[in-house]
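A.B. asks: So the sequence lines, in the order shown, correspond to chains B and V.
Residue numbers for the first sequence follow UniProt numbering, beginning at 1 and rising by one.
Residue numbers for the second sequence follow UniProt numbering, beginning at 1 and rising by one.
Hints may contain errors.
Selected chain B positions facing chain V (in silico; Cβ < 7 Å) [as the list claims (entries may be wrong)]:
#1 G65
#2 V98
#3 L101
#4 Y102
In case anyone wonders, no lab produced these hints; they're calculated from the structure.
What you are looking at is a predicted structure, and each value in this text was computed from that prediction instead of being measured.
Backbone N, C-alpha and C fix where the C-beta goes; we use that ideal spot for every residue, glycine too.
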Amino acid sequence: MELSLSTYDSGDHTVLEVGGEVDVYTAPRLREKLVELVETGARHVVVDLSRVEFLDSTGLGVLVGALKRLRAVNGTFGLVCAHERLLKIFRITALDRVFSLYDSVAAATAAVGSDAEPTA
Amino acid sequence: MALFEADTSGTSDTLSYGEAEDLGAVRAFVRRHALALGMSEARTEMLMLAVNELATNTVQHTTGGGRVRVWTDAGHIVCDVVDQGPPRTFQRQMPPADAVRGRGLAIVERVCDHVASVSGPDGTTVRLRLHL
């Protein structure tokens with residue numbers, strides 16, 4: 001079982017691409033990466049779940065933790081999730097009403113920082 | 001002692017698991033059997049999620065590991081998850097949005113058509129049923 005994590009910057013946003021399976025075995029790596037991003041100054045984080053094949057309650061908990069961490073520093077947190085099988089888990093847990101869910105990274109980066117002051 | 005009516009279909013298969021790193025194999029086992037028994041891809045995903053949540057509880061909160069078994073009965077997929085943990089209670093509220101933990105069993109009962117937990121000398125069996 002594999003979890004892949006990679007990050008890149010897109011304007012003010014830090015995009016974390018997640019691939020593979022997020023469960024109790026792999027979730028600690030995702031949690032550590034999200035903590036590291038916030039600790040090193042990322043304030044507008046988008047997690048791209050497009051290549052996630054499995055996500056469970058442990059993974060949801062990690063995402064909730066990241067949302068809380070970013071809110072505490074006046075940051076923003078968006079999720080890119082277009083697959084029905086993942087969206088269903090967000091609906092079952094009512095977390096679809098808590099997270100900002102987008103169907104593409106472009107939509108997330110356009111929306112998530114939209115309340116920020118324009119820089120140019 | 002028969003905790004539930006015995007499986008007489010002759011098509012069941014059992015997988016044992018013990019550690020968090022075994023969960024991928026548990027999901028693959030459930031997926032393979034559910035698809036082979038005629039379950040749709042979408043419902044197979046839900047069964048995998050439910051079994052994964054129960055097996056996660058096993059590896060996080062109990063000792064001795066567990067085992068999972070899948071078969072069909074009267075138009076349903078039936079799946080037993082057996083471990084040495086306490087009886088599981090259901091009719092759970094979904095935890096509040098800011099909770100980091102505690103959603104596992106609430107998810108299980110929402111994605112299955114029927115869930116029952118029975119404890120006996122061999123441990124606790126959670127039996128899941130989903131229509132095919």
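A.B. asks: Given Y102 of chain B as an interface hint, is the shortest Cβ-Cβ distance to chain V below 7 Å?
C.D. replies: It is violated, given that the least Cβ distance between Y102 of chain B and chain V is near 18 Å, above 7 Å.
A.B. asks: Restraint: G65 of chain B near chain V, CB-CB cut 7 Å. Satisfied or not?
C.D. replies: holds, 5 Å
A.B. asks: Are L101 of chain B and chain V close enough, Cβ to Cβ, to be under 7 Å, as the hint says?
C.D. replies: violated, 14 Å
A.B. asks: Taking 7 Å as the limit, does the beta-carbon of V98 of chain B come near enough to a beta-carbon in chain V?
C.D. replies: holds, 4 Å
Comparing the model with each earlier hint shows violations of hints 3 and 4; every other hint is respected.
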